[in-house]
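Chemist: The chain contents come next:
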Amino acid sequence: MLRAMNRRRMEDAMKRLEAKHPLAIRWFHWINFPVLALMIWSGLLIYWANDEYRVGWGGWTLFHFFPDGVYDSLGLGHRLAEGMAWHFVFLWLFAVNGFLYVAYTLISGEWRYLVPNRGSLREAIQVTLHDLGLRKEPPPRRKFNGAQQFAYTGIVLMGFGSLVTGLAIWKSVQFGWLTALLGGYKMARIEHFLLTLGYCGFFLVHIAQVIRAGWNNFRAMVIGYEVAPAGAGEGEDLADGSRNNGL
Amino acid sequence: MDPEITVSEEERAANAAAAQARAEEILQRELRRRSRRGFLVFGAAAAAGLGGWEWLRTRRGGDGVPWPLRRGLEIDEKLSRRYFRETRLAREFPRGAAEDVKVNGDVGVDDDDFDPVQWRLTAEGIAGHDGPLTMGLAEIRALPRFEMTTEFKCIEGWSKVVHWAGARMADFIAKYPPRSAGNGYVALETPDAAYYVGIDMASAMHPQTMLCYEMNGAPLEVDHGAPLRLVIPLKYGIKNLKRIGRLSFTSERPKDYWAERGYDWYAGF
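Residue numbers (our numbering), protein chains in the order written: chain A, 220 to 466; chain B, 880 to 1148.
No false leads were mixed into what you were given.
Simulated restraints, written as ranges between beta carbons of each label pair:
#: 1; chain 1: B; residue 1: E965; chain 2: A; residue 2: G380; range: 21 to 31 Å
#: 2; chain 1: A; residue 1: V429; chain 2: B; residue 2: A893; range: 39 to 49 Å
#: 3; chain 1: B; residue 1: A925; chain 2: A; residue 2: L423; range: 15 to 25 Å
#: 4; chain 1: B; residue 1: Q997; chain 2: A; residue 2: R273; range: 45 to 55 Å
#: 5; chain 1: A; residue 1: T347; chain 2: B; residue 2: G928; range: 25 to 35 Å
#: 6; chain 1: B; residue 1: Y962; chain 2: A; residue 2: G380; range: 17 to 27 Å
#: 7; chain 1: A; residue 1: V334; chain 2: B; residue 2: D989; range: 58 to 68 Å
#: 8; chain 1: B; residue 1: I905; chain 2: A; residue 2: F412; range: 47 to 57 Å
#: 9; chain 1: A; residue 1: L423; chain 2: B; residue 2: R891; range: 46 to 56 Å
#: 10; chain 1: A; residue 1: L348; chain 2: B; residue 2: E978; range: 42 to 52 Å
#: 11; chain 1: B; residue 1: R950; chain 2: A; residue 2: R273; range: 32 to 42 Å
#: 12; chain 1: A; residue 1: V334; chain 2: B; residue 2: I905; range: 30 to 40 Å
#: 13; chain 1: B; residue 1: G940; chain 2: A; residue 2: T347; range: 41 to 51 Å
One side only, chain A facing chain B, incomplete, derived with CB under 10 Å:
#: 14; residue: K234
#: 15; residue: P253
#: 16; residue: W305
#: 17; residue: F309
#: 18; residue: W389
#: 19; residue: V441
Hints listed in this document are in silico derivations from the structure and should not be mistaken for laboratory results.
Note that CB positions come from ideal geometry on N, CA and C, so glycine has one too.
This is chain A alone, in the form it adopts within the complex:
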């Protein structure tokens, strides 16, 4: 008994390897990344053909989506047919991967770490203030903090939104009720576009945070395991090692 307690104390004093991200979630994540990139790229090939959106008022334009240099440098011009072909084939991979991910989190119970709960909003604000350098106290050492919960749940809802608005554009007669619900054909296109801008914003923040969090955190998204620092408690909030026996 005493020996066991001693060992526990010693383990607490040492670094250890903790299971963090289950294998399935890592696959879903790393499949989604290139597939979503491909959907955005092919979406831009389509958007080029009628690049009508801008930020402005009346005749005054603050920013036009997109300046010609963007298309030229990325080779996005005159490729509408190609863009549509990629877009309408790979949407299935995007959708199936997304639905399997959501189903997995529901069945495995992972959703508990991902979906915001009662304290998440307050914590999200604290984390954001900390990240902006306005608050000293670091975020709690937990698998996902409140800000992450909002971000990772939000991005899933956005993915669903892209599928729904996309369907409303693609099949605007057979799913006319959906198109009407979203405010009409033109509105659905705007919503679809805004969601894409949202992904780009998410990507920038996500990459910045991953760089800040460091190699140990990034590596966990590849190998599943993270080195927990010495002195960190058993970390019941962190992934349950026995269950998330990722490979």
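Since the structure of chain A is provided, determine the placement of chain B on it from the hints.
Modeler: The following block gives chain B in isolation, referenced to the frame of chain A:
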């Protein structure tokens, strides 16, 4: 002070340090093992993904799009046609919502010498007629007049609300039915055969598919396809063929100008 205990405490400290070093070594070994495996799989998956992308984008299909993507579009079409119900209508707008539409594309209608008065429609594959049947605008006007205000959607991404008047294609087909019941497609082309489209029969029979001779309250202009054009709000603008010269019922999937240039053959909403 008992010297034995002092020694034992030192020993214990040394043991603890040794144990910690051992544990650290085990952790590092375990981390290396997991990292090696994890990054190998990751790298292999990334290489497979890049290889797949490279393979896919370099397939040639002869119709402007890699053939695996063409197969994908055909699967989309199969699903779309299975889900299709002709009772689902394109949204109709108030008559006053109609807008002017720019002329976009003149393939097949760029002949300056074209005379709408001399125009005749040639219909092929009509029941009771071994050869082609020709008719003028009067025969189309003799069909029940139909009007609608719908959104014309260009494949480029813009859309305009337009008021159309003409005859329903379904009424035309009822009057001039296909020779054999198995004829599942309608092929349309301009008089010079430079522009041509294929329409599946279900879409052709849809109550909003029409042979149109009036646009926004005026006779169709030459640039917009006078004297008779196809208007089919179920499809992108590319299928709304201007200046119909020839219409035929066929059991084979008709060739399609833009499908030959990489676009989806079905192109239906």
